[in-house]
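Trainee: Chains as they are written, first to last, in the working numbering: chain A, 1 to 164; chain B, 1 to 164.
Everything labelled a hint here was simulated from the structure, so no lab data went into it. All residues carry an ideal CB built from backbone N, CA and C; glycine is no exception. Worth double-checking, as some hints may not be accurate.
To be verified - Computed from the model, here is a short list of chain A residues facing chain B with C-beta under 7 Å:
(1) Gly6
(2) Ala10
(3) Leu14
(4) Gly17
(5) Ser40
(6) Thr42
(7) Leu72
(8) His75
(9) Thr115
(10) Ile158
(11) Cys159
(12) Pro161
Said to hold, decoys possible - Which stretches of chain A does chain B cover? Using the computed rule of at least three CB atoms under 8 Å from a CB of chain B, they are:
(13) 127–138
(14) 150–156
Listed below are the residues making up each chain.
2 protein chains.
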Amino acid sequence: MVSGDGFRRAMRQLASGVCVIATRTRDDKRCGLTATAVTSLTADPPSLLVCINKSTWLGSEIERSGRFSVNLIGHAQAEVGKAFAGMTGHVGEERFAVGRWRDGHTGIPVLADATGAFECRVDQVVRRDTHLVVFGLVEAIVEGDGPGLIYADGDFGICAPVSV
Amino acid sequence: MVSGDGFRRAMRQLASGVCVIATRTRDDKRCGLTATAVTSLTADPPSLLVCINKSTWLGSEIERSGRFSVNLIGHAQAEVGKAFAGMTGHVGEERFAVGRWRDGHTGIPVLADATGAFECRVDQVVRRDTHLVVFGLVEAIVEGDGPGLIYADGDFGICAPVSV
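The following block holds chain A by itself, in its conformation from the complex (with noise of 0.2 Å):
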């Protein structure tokens, strides 16, 4: 049998990259989430999907709205995924003067200066016990530039080359 704790401590050396997810609420306000758990899907059509914990209330104002950003952090906005992540004590639309935020061509945060930003539609939910799987249809892209944050080992870094 396998523990929660054993699973949590092995799966913290799997590395990521830090994405900010947001959306906008019911009553217009901004709201977002650093996520880790962000894939690519298909490219053709554009998709990726987000992993959220259902006792945020990220995951049910996603499904409301039917559009969320993924914005990539990028190697100089450790502070954007530090905000966003609850450690400063930013709490809703207050996380949004933390780096400089937009609205994008759907209206929802789009952050400047990321390494990547994917404005998303909603094409399917998969509930899985405690978070949503959200899959995202890309309707807009703003390319930017590497390196991005990563997360690894509960600490934030960069990639270095390695020699193989």
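With chain A fixed as given, assemble chain B onto it according to the hints.
Mentor: Positioned in the frame of chain A, the structure of chain B alone reads:
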């Protein structure tokens, strides 16, 4: 309208860990592929997801066997990641000559000295155009040591600290 090429280019900036997904075929051969679209999902129960292109045989073999392993490639195991990505000319069982592989608790191949390994039972498969999204319940874990290998902007690397 977002092009597949533009999407692929932008997604290159989303860093990820490097995993080899492996299973046993119907004729009891080992098969495996390098994948970067892997995320942790829930801790209770311990679960993860992997995205696999339908054009590979791995997806159908995993659906048939109902089991697969996710092996987190270490920073010194880039040659394993390359072999299972088809970059070295190794095919089928030959790939398992690269790196030290053993049979896990459930009989599927597990990489020794990996940064971590997860033996999974298939719990759900979601079909999304060109890809399968396979949800696995984790039945056994081998914890390893970091740092893991990272794939970002088309190259392998390791995570280096960033000052924030």
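Trainee: Alanine 10 of chain A was flagged as interface toward chain B. Is the shortest Cβ-Cβ separation under 7 Å?
Mentor: holds (5 Å)
Trainee: Quick one, is the serine 40 of chain A hint okay against chain B at 7 Å, beta carbons?
Mentor: holds (4 Å)
Trainee: Holds or violated: the hint that cysteine 159 of chain A contacts chain B, with Cβ atoms closer than 7 Å.
Mentor: Hint holds; cysteine 159 of chain A Cβ to chain B Cβ min 4 Å, cut 7 Å.
Trainee: Are leucine 72 of chain A and chain B close enough, Cβ to Cβ, to be under 7 Å, as the hint says?
Mentor: holds (6 Å)
Trainee: Holds or violated: is the Cβ of proline 161 of chain A closer than 7 Å to a Cβ in chain B?
Mentor: Nearest chain B Cβ about 5 Å off; hint holds.
Trainee: Does the interface hint hold: is leucine 14 of chain A within less than 7 Å of chain B, judged Cβ to Cβ?
Mentor: holds (4 Å)
Trainee: Quick one: see if chain B covers the region 127–138 of chain A, three-plus residues with Cβ-Cβ under 8 Å.
Mentor: Result for this restraint: holds, n = 7.
Trainee: Just to make sure I understand the rule, a stretch counts as covered if three or more of its residues have a C-beta closer than 8 Å to a C-beta of the chain. Does the region 150–156 of chain A meet that for chain B?
Mentor: Since 5 is at least three, the answer is holds.
Trainee: Can you verify the interface hint for threonine 42 of chain A: is its Cβ closer than 7 Å to any Cβ in chain B?
Mentor: holds (5 Å)
Trainee: For the hint on glycine 6 of chain A, does the least C-beta distance to chain B fall short of 7 Å?
Mentor: Interface hint status for glycine 6 of chain A: holds (6 Å vs cutoff 7 Å).
Trainee: Return the status of the interface hint for threonine 115 of chain A: holds when the least beta-carbon distance to chain B is below 7 Å, violated otherwise.
Mentor: OK, holds: threonine 115 of chain A within 7 Å of chain B, min 5 Å.
Trainee: Does the CB of isoleucine 158 of chain A sit less than 7 Å away from some CB of chain B?
Mentor: holds (5 Å)
Consistency note: the structure conflicts with none of the earlier hints.
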